[in-house]
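Trainee: Listed below are the residues making up each chain.
Number of protein chains: 2
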Amino acid sequence: MSLVVVGSVAYDGLETPHGKVDRILGGSCTYISLAASFFTQAKIVGVVGDDFARTDIEFLKSRGIDLEGLERVPGKTFFWAGVYSADMNDRTTLVTDLNVFADFDPKLPEGYRSAPYLLLGNIQPALQRSVRAQMNGVRFVGGDTMNYWIRDYRDELLATIREWDFLLINDGEARMLAGEQNLRRAAARIMAMGPHTLVIKRGEYGAILFQGGDHFMAPGFLLEDVFDPTGAGDCFAGGFMGYLAGRGIDPRHKMDHRELRRAVIYGSVMGSFCCEKFGPDRFRDLSRAEIDARYREFKAFTEF
Amino acid sequence: MSLVVVGSVAYDGLETPHGKVDRILGGSCTYISLAASFFTQAKIVGVVGDDFARTDIEFLKSRGIDLEGLERVPGKTFFWAGVYSADMNDRTTLVTDLNVFADFDPKLPEGYRSAPYLLLGNIQPALQRSVRAQMNGVRFVGGDTMNYWIRDYRDELLATIREWDFLLINDGEARMLAGEQNLRRAAARIMAMGPHTLVIKRGEYGAILFQGGDHFMAPGFLLEDVFDPTGAGDCFAGGFMGYLAGRGIDPRHKMDHRELRRAVIYGSVMGSFCCEKFGPDRFRDLSRAEIDARYREFKAFTEF
Chain B
1 MSLVVVGSVA YDGLETPHGK VDRILGGSCT YISLAASFFT QAKIVGVVGD
51 DFARTDIEFL KSRGIDLEGL ERVPGKTFFW AGVYSADMND RTTLVTDLNV
101 FADFDPKLPE GYRSAPYLLL GNIQPALQRS VRAQMNGVRF VGGDTMNYWI
151 RDYRDELLAT IREWDFLLIN DGEARMLAGE QNLRRAAARI MAMGPHTLVI
201 KRGEYGAILF QGGDHFMAPG FLLEDVFDPT GAGDCFAGGF MGYLAGRGID
251 PRHKMDHREL RRAVIYGSVM GSFCCEKFGP DRFRDLSRAE IDARYREFKA
301 FTEF
Chain V
1 MSLVVVGSVA YDGLETPHGK VDRILGGSCT YISLAASFFT QAKIVGVVGD
51 DFARTDIEFL KSRGIDLEGL ERVPGKTFFW AGVYSADMND RTTLVTDLNV
101 FADFDPKLPE GYRSAPYLLL GNIQPALQRS VRAQMNGVRF VGGDTMNYWI
151 RDYRDELLAT IREWDFLLIN DGEARMLAGE QNLRRAAARI MAMGPHTLVI
201 KRGEYGAILF QGGDHFMAPG FLLEDVFDPT GAGDCFAGGF MGYLAGRGID
251 PRHKMDHREL RRAVIYGSVM GSFCCEKFGP DRFRDLSRAE IDARYREFKA
301 FTEF
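Protein sequences appear in the order of chains B and V. Our numbering puts the first residue of the first sequence at 1, with every later residue one more than the last. Our numbering puts the first residue of the second sequence at 1, with every later residue one more than the last.
If we strip away everything but chain B, and leave its shape as in the complex, we get:
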């Protein structure tokens, strides 16, 4: 079943210990939809400037992504540049030029409104909320957020996630949102804010899924070379939601708990592939067979 993805479409300048690229396709919407596209059809909502390259349009189209909701306006595409530390656990932002993204006001094409799955990338909570309101009969909705919205837009964020089925967030942000250091107790507090399903991402250490009184822990994939971690969290989200949408799963049903766990593993698989090349380049030649092989690897190194 189809999945609507909202977020940024951008160009990034990236520097890691493995090299440097001045300008490469990026943005949360881009990474999410590319990762999801291996499981289901993604319909994106975003904005780009008139500098957005035809080759990038072609790349997204080649993955079957519906671009009807990708608005093109005069001006420049959102540009971000950053440099990673030697261990790649920290990064420093060098440039953030919002450009046309500063006035992003997402409007859903008619053909998107009845999609059963909605994934809201990290944008201002009020915008996420307005997109949610444009959907008719959405079955499973959720998204990501970040420290900036948690700290400075708390009420707006709380009103937004109250309507979500799930929240995907990293561990530091979960602690900040909950005002609680212990992850298990932080998770309980966040789930009292609305989402019945919570995924806490822990970077290289994997992810934890919370639902009801239950939790599931997925380790991070142990890559031999982390080339560039940009977008890995978004690819996790795309793999997670793409898998659920592709299988037509409604994770509120008790019987689908196993599928929800599998979705977390597929999210981890997509996040790990993302790190193997600069930007989203690994998705140019990735195959479903490689994805399933890595899924089986996860089984092999966690079973006891």
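Watch out, some of these pointers could steer you wrong.
Put simply, identical chains are the same to the list, so a pair is met inside one copy or across any two.
Claimed, not checked - Heads up, simulated DMTMM-like pairs for lysine to aspartate or glutamate below, C-alpha to C-alpha not over 25 Å straight-line:
#1 K299 x D214
#2 K299 x D171
#3 K299 x E259
#4 K277 x E180
#5 K20 x E180
#6 K299 x D256
#7 K20 x D285
No lab work stands behind these hints: they were computed from the structure.
Since the structure of chain B is provided, determine the placement of chain V on it from the hints.
Mentor: What follows is chain V alone, placed relative to chain B:
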């Protein structure tokens, strides 16, 4: 089968966000042997001063631990004090009084020398090596080390671990010993130094077992309350080795790979219990049934 454990026996002063104790039983040998005692007989080698309390002797005896190798000499027992940060991921040492431990020269009682399992807690590598040399026909030997020995006693440490079957080490120390940031490549380098089995501990994030070209990832247990993490790494070691010794397993045999994975989980289980009370107090009333129940919990929150 019996397990010889060598390391420090100490008193600790501890302060965590949950409270403060001025003096409580501690030391690597203590934590390792207590954790191992739930699976097998531990025979300890250590030194204490004449201030070592009868009640602590009784506690160790009540767990069936063989104290023949626990030397009592004039002077004071090793004392360490530290305070943990609010998130308990860092601790600051306030006092390190080596006292009688400064002249520790481990001598194995005759009845220890033919034990098939040997676990060397974190002490000077030359002492670890001398203990190894006192054993006859040991079947499985390994231990722990720390940044200080890696940095300032490198050659001595390398000569020591060359004779070990396994090394238990935390992730920062593994990177330091290997001179390699990537854990997978660091593991390969360390295993070329001697040990055919390597366990990298990652604190709250669990542990990774490496053997041959294979690895196994165990998550950390998600405690609702981490009361005091002191000794958790040693309890991991004690649970790991205690389980192997109790089952009489020789992990060099290919068919025992599954048992080695189970040993890592039992290590994680014992590390998690250790954090539930101050010092080693949780082991006063812990039961094997509770241990096995937590083992099943690990299965439940990792299966997919």
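Trainee: Next, verify each hint and record whether it holds.
Mentor: The hints, checked one at a time:
no., hint, verdict
1, K299 x D214, "both (20 Å within a copy, 13 Å between copies)"
2, K299 x D171, "both (24 Å within a copy, 23 Å between copies)"
3, K299 x E259, "both (14 Å within a copy, 17 Å between copies)"
4, K277 x E180, "between (36 Å within a copy, 20 Å between copies)"
5, K20 x E180, "between (38 Å within a copy, 21 Å between copies)"
6, K299 x D256, "both (19 Å within a copy, 19 Å between copies)"
7, K20 x D285, "within (21 Å within a copy, 57 Å between copies)"
Against the hints set out earlier in the document, no violation occurs for any number.
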